[in-house]
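Novice: Each chain, letter by letter, is given below.
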Amino acid sequence: MRKPLKHLLALSGTLFALTAQANTELTVYTALEAEDLQKYAERFNQDHPEITIKWVRDSTGIITARLLAEKDNPRADAVWGLAGTSLMLLQQQGLLEGYAPKGVEQLNPLYRDKQNPPQWVGMDAWMAAICFNTVEAKKHNLTPPTSWQDLTKPEYQNHIVMPHPASSGTGYLDVSAWLQTFGEDKGWAYMDGLHQNIKSYTHSGSKPCKMAASGEAAIGISFAFRGAREKENGAPLELIFPSEGLGWEMEAAAIIKGKQSDAAKTLLDWAVSEKANQLYNEGYAIVAMPGVAKPVKHFPAEPEKLLIKNDFTWAAANRERILSQWQSRYEGKAEAQ
Amino acid sequence: MTVSATALPPARWALTAWQRERLRWALWLVAALGLFAVLLLGPLYSLLSKSVADGNGAFVGLANFEAYFASGGIARGLSHSLWIASASTVIVVSLAFASAWALTRTRLPLRGGIQALLMLPILAPSLLPALSLIYLFGEQGIFKSWLGETSIYGPLGIVLGSCFWTFPHALMILITAMRHADARHYEAAEVLRASSLRTFFTVTLPGARYGLVSAAFVVFILVFTDFGVPKVIGGNYEVLATDIYKQVIGQQKFEMGAVISVLLLLPALLAFVADRWVQRKQAASLTARAVPYQPKANLRRELTGAALLTPVLGFIGLVIGMAIYASLVRYWPYNLELSLRNYEFGRMDGGGWTAYGNSLTLAALTMLVGTAVVFFNAWLSERTPQPKPLLALFQLCSLLPLAVPGLTLGLAYIFFFNHPSNPLNGLYGSMAILVLCTVAHFYSVAHLTALTALKQLDHEFEAVGQSLRASRWRMLRQITLPLSAPALLDIALYLFVNAMTTVSAVIFLYGPDTALAAVAVLNMDEAGDTAPAAAMAVTIMATCLLAKLLHGALSAWLSRHTQHWRGGR
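These protein sequence lines are chains H and U, in that order.
Taking full-length UniProt numbering as reference, the numbering of the first sequence is continuous, increasing by one, and the terminal residue is 337.
Taking full-length UniProt numbering as reference, the numbering of the second sequence is continuous, increasing by one, and the terminal residue is 569.
Isolated chain H, as found in the complex (with noise of 0.2 Å):
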């Protein structure tokens, strides 16, 4: 009598384990493509059909500011795709959860977080590029930088756009990339030569590359990614790489605190696994885990080398006076000419 019976509930059980797993549904916040949103939950359904991804998607800047605002009672279970520096301003809020992704020993060291357990993971990097308009170049006679340091040459007056780095996080990393690699005073020297030339301060990272693309200016302050997509677009575009190393950030995943879904551990697992960096790849160049990436269209052969040891710890630790000085020096001065 009793065996059946155990049986029994040992099968309802499972049947109600199975259901259970079926309709587990995922509130992922992004800042992701929104393109390559369905073809990320695709690949992650390939291995784990019985979780369902709900996607917010938008801009870094609303994604972060919603995860902030929801603090108090948060929406997302997790966060999958988006900027490193974001993801620290939420550790430093106390929002995320910590935990080991199994295999996250495997990726660069570089990409995850140093507590232990880790409170984010690293996905992939973007760095910065200049969008240079060839079409636009022929017209005004511009030859094509190799440095930033080229750019404050006279010639290249008033066709510069760059992002805002108070509106944009592009800008900023820019911005504390620069003060890093020539140091404090170069730095803000070659800023102070580089306003000059700047025809505009856009509020958008990825705006100077469009503009760019679109010959609304000459050369846009951008990043890689977004040059290489314009190109791919049919604009005539070339992407130009700094000599002097280029400011770079990562994009990262990370599981929201207090709400406790296994959902959302599965979900981390899969994000350092190999096949997730290789799907990672198909758009970056450069991903968490060493070794998988294989060379992508419009990028440098070994973009990891042009980049610069950027101090993220730094750069969010000095933000507010950075940031106060750059609109003390160039805000009022914008409109001057």
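Note that these hints are calculated values from the structure, not bench results.
From a predicted model like this one, the values you see are computed outputs, not experimental measurements.
Treat each hint with caution, since some may be false.
Said to hold, decoys possible - DSSO-like mimics (lysine-lysine), calculated; alpha carbons at most 30 Å apart, straight line: (1) U:Lys144 - H:Lys153; (2) H:Lys305 - H:Lys114; (3) H:Lys309 - U:Lys253; (4) H:Lys153 - H:Lys138; (5) H:Lys275 - H:Lys309; (6) H:Lys102 - H:Lys259; (7) H:Lys114 - U:Lys253; (8) H:Lys231 - H:Lys138; (9) H:Lys54 - H:Lys265; (10) H:Lys71 - H:Lys102; (11) H:Lys297 - H:Lys139; (12) H:Lys139 - U:Lys144; (13) H:Lys259 - U:Lys253; (14) U:Lys253 - H:Lys71; (15) U:Lys144 - H:Lys231; (16) H:Lys71 - H:Lys265; (17) H:Lys71 - H:Lys54; (18) H:Lys257 - H:Lys39; (19) H:Lys257 - U:Lys253; (20) H:Lys309 - H:Lys294; (21) H:Lys138 - U:Lys144; (22) H:Lys309 - H:Lys102; (23) U:Lys253 - H:Lys54; (24) H:Lys305 - H:Lys153; (25) H:Lys265 - H:Lys275; (26) H:Lys102 - H:Lys265; (27) H:Lys114 - H:Lys102.
Said to hold, decoys possible - The following residues of chain H were derived to be distant from chain U, with all beta-carbon distances above 12 Å: (28) Asn23; (29) Gly103; (30) Gly193; (31) Asp262; (32) Glu274; (33) Pro295; (34) Glu304.
Where a beta carbon is used, it is the ideal one built from N, C-alpha and C, also for glycine.
Given the structure of chain H, go ahead and fit chain U onto it with the hints provided.
Specialist: Only chain U this time, still in chain H's reference frame:
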């Protein structure tokens, strides 16, 4: 003394029937104010209170304000904002008044069609004019030479863009103000042999005074608080409103965003004071004895009207036409081949059509809920006896949303509705919260339209109703509603199209299942898919145009069936 006291009826505290009725109406208005408390004041408080707290929520007094003023550039930003807003107001109100005059005081053919065309800017997501202006006057623009040395990226671009999108707001208020005129005034002017110019200044203009002031404040505040246009086309010309974007989106400093929001609210308070002032002087223009004005055919007037309308129509047509072209072109400006490929939203991941469906649902619900709430509240405040202080508070609340930038409202909704101890937090992430937020966001102009329409109805209607012992409810149903039907339709359309195109507040509130088309437009553009973004924006515009045509047909039907009594001879 004692004698008279004892002579008083014994039940001194019992209310007379009249007092009871007043109390009942006052309670209704209190309920309306309760709605404002939930939809507007509560959320705003939860955000604006951050302006006196530090990043961790500790009270710091006015330290944030000091820090903001000390950071410099405020005076510059403020003077830029004031200049942009004033210039746009003068241009928009003059043009909108001229257009409203041409549409209501002449017998130009195709007036309905012309009005639909003039409303086009409000039917399009904000990306369209921005894109158009750049394609028209930018570095590669086909008319760049017109601007000479001046760049479109700067004050010129901001004023052009702002005029474009605020024009329909002003037009809607002014048409409502001028639609019902009393023919007897014009007959009197004719009998007195007043010149047409004198008639204009003594009859037409005073009749539209309330609408003119409302329109001016609406445009001023809309431009003053908008950061969408300056963000895209402002170049290095800094205005106050873009600072919110820098602080909140760029640096996630909510407390500084709250500081700027508080500063941006100040003009709304000014508008409120002005509104009270003008309102005192406004008499009903449509008295119970009014004879509806029908413009007579007059070639000179028609020609004047056409001349006034042409430049406005031309500019709107140019901008919209360029936007449609932008949605068809392969890769501006280097591959000008045309194709319909950009309209294949199914090809686009991110669920183009799903988002479009969500937007339609949002727009329909906002229209139904919003029109009912706005009109009922306006009726309560205008056509029922109300205590003065309550009325003033209500007026303030209904004008407040105008001065709240969408971004501020969206964030405020997160803080308020997502709070763990808010019993309504289940709404967060649902379609319901998008509807509520959108109704609150666009409340003011809808309210002003309802109010303008209601003000034109003579209070004698109620007096007569009362003497016939008809309840006010019955008056509302049988007299006020049918009389206000054109304004009701206008409000419904206004809410529908704004819900279709709005981005700034809902971008913080949509959930995984409620992504919206207008947000998708921004995201596609951000991702470099400019032409598909333009295509989606054109699709939204076409939908709104369809709504507008439906609105036109309904209006025509209504005027045949409910307004023929106006002809009442």
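Novice: Now tell me if each hint is right for this structure.
Specialist: Hint check results:
| no. | hint | result |
| --- | --- | --- |
| 1 | U:Lys144 - H:Lys153 | holds (27 Å) |
| 2 | H:Lys305 - H:Lys114 | holds (23 Å) |
| 3 | H:Lys309 - U:Lys253 | holds (28 Å) |
| 4 | H:Lys153 - H:Lys138 | holds (17 Å) |
| 5 | H:Lys275 - H:Lys309 | holds (27 Å) |
| 6 | H:Lys102 - H:Lys259 | holds (19 Å) |
| 7 | H:Lys114 - U:Lys253 | holds (26 Å) |
| 8 | H:Lys231 - H:Lys138 | holds (17 Å) |
| 9 | H:Lys54 - H:Lys265 | holds (15 Å) |
| 10 | H:Lys71 - H:Lys102 | holds (27 Å) |
| 11 | H:Lys297 - H:Lys139 | holds (27 Å) |
| 12 | H:Lys139 - U:Lys144 | holds (16 Å) |
| 13 | H:Lys259 - U:Lys253 | holds (25 Å) |
| 14 | U:Lys253 - H:Lys71 | holds (14 Å) |
| 15 | U:Lys144 - H:Lys231 | holds (25 Å) |
| 16 | H:Lys71 - H:Lys265 | holds (20 Å) |
| 17 | H:Lys71 - H:Lys54 | holds (19 Å) |
| 18 | H:Lys257 - H:Lys39 | holds (27 Å) |
| 19 | H:Lys257 - U:Lys253 | holds (22 Å) |
| 20 | H:Lys309 - H:Lys294 | holds (22 Å) |
| 21 | H:Lys138 - U:Lys144 | holds (19 Å) |
| 22 | H:Lys309 - H:Lys102 | holds (27 Å) |
| 23 | U:Lys253 - H:Lys54 | holds (28 Å) |
| 24 | H:Lys305 - H:Lys153 | holds (26 Å) |
| 25 | H:Lys265 - H:Lys275 | holds (16 Å) |
| 26 | H:Lys102 - H:Lys265 | holds (9 Å) |
| 27 | H:Lys114 - H:Lys102 | holds (16 Å) |
| 28 | Asn23 | holds (15 Å) |
| 29 | Gly103 | holds (28 Å) |
| 30 | Gly193 | holds (17 Å) |
| 31 | Asp262 | holds (19 Å) |
| 32 | Glu274 | holds (24 Å) |
| 33 | Pro295 | holds (22 Å) |
| 34 | Glu304 | holds (25 Å) |
Consistency note: the structure conflicts with none of the earlier hints.
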